[in-house]
Amino acid sequence: MPTMEFQGKQYEIDEDGYLVNLDDWSKELADHIAKTEDIQMTDAHWEVVNFLRDYYQKYQIAPMIKILVKEIGKVMGPEKGNTKYLYELYPGGPAKQACKIAGLPKPTGCV
Amino acid sequence: MAKFTAKPDELSKIDFKPPKKGWMDTPVEIKEHMFCHAAKPKELDVVGFPNAHEWRPNDEDWKLPENWEKTLLEGMRDLLGKYRSFRLFMDICVRCGACADKCHFFIGTGDPKNMPVLRAELLRSVYRGNFTLAGKILRKIAGARDLTANVLKEWWYYFYQCTECRRCSVFCPYGIDQAEITMMGRELTNLIGLNIGWIAGPVAACYMKGNHLGLEPHTITSSIEFFVDDIETITGIRVNPTFNRKGAEILFVTPSGDLFANPGTYTAMGYLMLFHELGLDYTWSTYASEGGNFGFFTTNEMAKRLNAKIYAEAKRLGVKWILGGECGHMWRVIHQYMDTWNGPADFLEEPVSPITGTKFENTTSAKMVHIAEFTADLIKHGKLKLEPSRNDHLKVTFHDSCNTARGMGLLEEPRYIIRNVCNHFQEMPEDTIREKTFCCGSGTGLNASENMELRLRGGLARANAVKHVHEHYGVNLLANVCAIDRATLTTSMDYWVPGVTVAGVHELVGNALVMKGEKERTQDLRLEPFPGKEGNE
Amino acid sequence: MGAILSLCAVAALALIAFIGVSAGHLQYLFGVIIPYAALLIFITGFMYRVLKWGSSPVPFCIPTTCGQEKSLPWIKQNKIDNPSTTFGVVVRMALEVLLFRSLFRNLKTQMSEGAKLVYGEAKWLWLAGLAFHWSFLIILVRHLRFFIQQVPLPVRMIEGLDSFMQIGAPLFYMSDAVILLAVTYLFLRRVFIPQVRYISLPADYFPLFLILGIAGTGVLMRYVFKVNVVGVKEVAMGVVSLNPDPKLLEGIGVIFYIHLFLICCLFAYFPLSKLMHMGGVFLSPTRNMVNNSRMKRRVNPWNYPVHIHTYEEYENDFREKMKTAGIPVEKE
Amino acid sequence: MKLYDGGKIIAGLIIFFFLVTFPFFLNIGKVNAKPEPKIDTPEIQKLAEKKCIESKAFMRAEHMKLLNDWRDSAVRNGERTYVNSKGKEFTISLQNTCMHCHSNKKKFCDECHTYMAVNPYCWNCHIAPKEKES
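Residue numbers (my numbering), protein chains in the order written: chain A, 1 to 111; chain B, 1001 to 1537; chain C, 2001 to 2332; chain D, 3001 to 3134.
Once the Cα atoms are required to be at most 27 Å apart in a straight line, the calculated BS3-like pairs of lysine-lysine come out as:
no. : chain 1 : residue 1 : chain 2 : residue 2
1   : C       : K2331     : A       : K58
2   : B       : K1136     : C       : K2274
3   : A       : K96       : B       : K1040
4   : B       : K1533     : A       : K80
5   : C       : K2247     : D       : K3038
6   : C       : K2108     : B       : K1021
7   : B       : K1436     : C       : K2116
8   : D       : K3002     : C       : K2052
9   : B       : K1082     : D       : K3008
10  : D       : K3038     : C       : K2226
11  : A       : K66       : B       : K1003
12  : C       : K2076     : B       : K1380
13  : C       : K2323     : B       : K1320
14  : B       : K1020     : C       : K2274
15  : A       : K66       : B       : K1533
16  : C       : K2323     : A       : K70
17  : B       : K1063     : A       : K106
18  : C       : K2076     : B       : K1436
19  : C       : K2296     : D       : K3002
20  : B       : K1042     : A       : K106
21  : C       : K2076     : B       : K1383
22  : B       : K1040     : B       : K1003
23  : D       : K3056     : C       : K2247
24  : B       : K1013     : C       : K2108
According to the in silico footprint, chain B covers these stretches of chain C (three or more CB under 8 Å from chain B):
no. : segment
25  : 2045–2059
26  : 2273–2284
Residues of chain B placed beyond 12 Å of chain A at every Cβ, according to the derived structure:
no. : residue
27  : T1148
28  : A1248
29  : I1355
30  : K1436
31  : H1472
32  : Y1473
33  : R1521
34  : P1531
Keep in mind that the hints were calculated from the coordinates and are not lab data. Computed from a predicted model, the values in this text were never measured in an experiment. Heads up, the beta-carbon is just placed ideally off N, CA and C, and yes, glycines get one too.
Please model the entire structure based on the sequences and the hints provided.
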């Protein structure tokens, strides 16, 4: 298993750099992962990450994009409830990139 | 792993020249972006697959279990005794090469080992060396070779570069079906723990939670609830699906991708609207919440274990018959395997459409009806009020899924539906549809992201045909009846033919369906305004 | 490589017969013993291979369907390529065996400029294959005149048709030319189509050369190095009445023994090789099965019970979540 | 060895076996009559030197070709003289040269032709000589 080092500690990650253990996650670690993805975390970014983590806690899966869009629209105003806005926040894809930062497993599309 | 960045014009430069050296002397090269990650041991352990271990395909050492050669050869002997197809297809190929340029992976990669005949020879050579008299005596002259670690790697690499689409078998003069051979090859790799994550994960999830995506019961209801909200937004009508309801007439089973991945979700909305409009007495199940079967891409036994849920749940709920959603390999399994594995379904009744009274005479034993058969019958009997002009902005073509085309023969039903819910329909070139249809490029559990180059190369042939009708007839929508198609063709179209969207047939039905008491529709099922209705909101 | 090896092998076989008969005077060995042995190997080997296939079951109904299935009554079914009845299968198999239906579908896929895939007609392989197999059959039937005292009318008719152009004397057989041309084409495509060359094994060239050798010596014998045909028939009749007469073997030219030995090699090699496709084509489950698996349950003889994750276990895992979501449960 | 679909497979194999071996079944134990072409016609008896136009071996192997050549030279080219390998001249004529000596078509020609199932088309045009039943 590959690992990622942060603050002198080894964290297990998968082949694509996603944390293996959900409980390893911390805000600091998220910041660190974001940096490796060239993302500067803002409140808006955190809003997404927090929602993802909450949703995952409840459903054991990352939400569909359309659920995420709707939720962000609810919280941050309808003008931001769209995929375009999410892609501005996470150019690597709100599902893939944001999940990585949120410490969730890599989302599976359709299987 | 480096990100896959090759552009379409780079990828479509394909070298079809085989190497100078013979194929037995050309060792396999495991290339980035052409294979999927290894399965995680914990996922294999969930279902009790043997020899689960940590390994990486591009490592030199695959940490093979002790005596792996013996395990594989014994496995092979066992399979030869169980499947006439396997034994026969090992023996009778004359290597005429008619299959070679029929394979989408060969067309897209030019790699000679992706010619079905050669992909089969990888296994056949070891079969000859160990199970035939000529091979044992004449060795290489008879095309025989030993099973070595390199041969095994070659097997693994190429058996996970075949989507069991059966196109080769249409053209083979003896009907040799590479899908059968790949299935055997994958059975063998599963004996020594060499599965891929993208298959093992969904299999484990499906076993424990009922579906590939691992949607738990409350996730399913919340997701469908979400669709119900959207349907209300679009039509003003609130539909009321039920879950795990005993005494319903019909159990509805669809691939879980339709519940959680775009654009399959729109197809699911189409089902919900249709069933509501008909007043169908049906139920969803959270336990049998998967029509697809990734077990089918591992071993026969695993496929049977996952499939067993459908009949078991139908029995528990006491339904009369089962209706199945749009999916490709799901229908190969249901049509050709389910009754044999888990039948007889004598606790069910022979399916009759409660709306038209039509008896579905082609499924009197398995008792499971394809939704395209069901809907085509409704339309034929004039039971649906349709407004095809709502889809007038779409120029539609239809992609036959491999499994429904070549492992079933469901060709006209979806076309009939499309012609009734859309005004513009254009077929792709003759040699790329119906039984000659091309795979999306990512079937049999190869729709991961780390093997993107393989997927796009595999999807080239299909995309090329779409591009043809896109450029000549302005086709902008690729309809299909398969959940994997919906997900993977979207990626493939974005790459090869931008401007073409992908949709399930029942999404188009949902758009055209005029529901009793609906408000004037201004949005389609994707909540996008219909052209000309942008300002009405 | 494979081609040269195979050519050498066939040449060596011809040489063995030549030396054996002309220098070793082993007419009895080559004219009687080897033919009996070859036939015995052919018959028992062929049956063994077929029975071996038969010893493996066909657990699932896996026809490759090529056309519309039997569905709603108003949808036109393709009753042959997607048969739902035994009759349909019989027609499908007949077309397959007699006319090579599947190979007739063959296409040539090519990447043209601008990375466009084009699909062209590709009927040559089908044509050559069909020409080869049919001329082989006709030649076999024609040869029955050597094995039957009163040659029956159908055999004489086929012979008459085969030579109806009445060119030369002895009359020229069209099947001779066709088989030579067809086999030559089948060989050349193995050499000149890069992909086909890449997949070709010695086992693919060997039978081609062997058949070329057989047809070639046959043609030579008829038109150039004539042998005493009446004597050949006398020998053949002795063989099939299990009463071979060694005296008759002497007066026949050596080319006959080369021809016969190559045939014996083909017969003996047959059950060890891909030539078994002759029997195999009848057993192919993707072609010889009725596509009725939803109508009629197929029984897998080795079906066995498997572990499944039961509903009860599932509900135990998720009962609370189900209740919260309003999903009915069996146990509260 | 358990056999699946045994009925069909065995039936197929029986057909195969019969097709391959039926010449044996037709002939086993039978004494096969051999063709014995006769050259003892009165005309031949009268000859001083009982020799055909070419050697016996040549005639046996090549008579069909010779007759074909004769047909071509007589009918198509009007050439009616044949010079044999020893320089001796003969008139090219099936009726008057060949059949003059070999007046017994049934015992001379047909004996082998029937045995070999060869059906020469000489008699499509020529009239077969009348034979006295001996």
